[in-house]
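Work the whole structure out from these sequences, hints included.
Following the working numbering, the numbering of the sequence shown begins with 6 at its first residue and continues without gaps.
No wet-lab data here; the hints were simulated from the structure.
Check the hints yourself; a few may be wrong.
Stated by the list, open to error - 25 Å max Cα-Cα, derived PhoX-like pairs, lysine-lysine:
1) LYS38 - LYS115
2) LYS115 - LYS166
3) LYS198 - LYS166
4) LYS198 - LYS87
To be verified - What follows is a set of in silico ranges between Cβ atoms, one per label pair, in the way DEER data are often shown:
5) ARG155 - GLN117: 18 to 28 Å
6) GLU248 - GLY130: 40 to 50 Å
7) LEU202 - ASP72: 18 to 28 Å
8) ILE156 - ALA79: 28 to 38 Å
9) PRO150 - LEU206: 19 to 29 Å
10) VAL84 - GLY130: 17 to 27 Å
11) HIS112 - SER179: 35 to 45 Å
12) PRO218 - ASP174: 18 to 28 Å
13) ILE135 - VAL168: 14 to 24 Å
14) GLY153 - ARG62: 30 to 40 Å
15) THR192 - GLY225: 16 to 26 Å
16) LEU208 - ASP72: 22 to 32 Å
17) PRO218 - PRO149: 33 to 43 Å
18) PRO95 - PRO211: 15 to 25 Å
The beta carbon of each residue, even a glycine, is placed where N, CA and C say it ideally should be.
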Amino acid sequence: MKISRVFTAVLAMLMTVAAGLIFGSGAAVAGPKPTVVLVHGAFADATSWDGVAADLRSRGYRVVVPDNPLRGPAYDASVIEKTVADIDGPVVLVGHSYGGAVITNVHDPKVQSLVYIAAFGPVEGEPVQITIDPIRFPGSQLLPPALGLRIVDDPHAIGGKNVDGYVTDEYFHSVFAQDVSDETAATMLAHQKSAALWANLELGGPPSWANTPSWYLVAGEDRVIPASAQRFMANRMGANTSELPTSHASLVSQPGAVADVIVAAAHG
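In structure tokens form, the structure reads like this:
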């Protein structure tokens, strides 16, 4: 009888240990959550991601929001690559608008997925300007007088000067972010960063989306990059695609929905 009780106790202990190993190995396979790197686009700075970053952090994600110089895809991608290189573990790389052209030129094996938010996703040898061709994709309102030009100091340019584009004050709200409040639009305008014209004309390199799973969130009411152009690029890259009826600034007007797409990419 005593032997039987001992045998039963040992068997129960072994079953408990086995169960722990099974469930423990399952948790180990899941691994840590990836770090999310948010790359802003032209006519914005890192604060444009504030709402999305706060949402993701509340869900337990580590979020990094680097400054995008807005000088050209190759140079800007090299800056973002340095950010990614300093991160341990897998990365979800997210780009808004011109930031999509930047992440398309970032190549690092730690990047497990790419997310495009109303963003450019060029093929090799294609400048982003082509993908807002008004004949194929009519509807962009980012034209003079909404688009202004100015000479800026730029240590990366020949002669230390460059020609930058920006959205003029009187058109910023109606063209760039028509679905946010006046107060929010004023804050965004105060944080606007101009972008080198060359950034729209530089030829892209081999696209990272060609061998990395990608997600694309189309802004259906976009007045900067027409939704038809966004759908074209998303289809071309074979991205997991969804759509919201938002302005170009969906990351500001709908941060929770944008965060949902990023979380889907993290799980994917």
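Violated hints - listed by number, lowest first: 2, 5, 6, 8, 12
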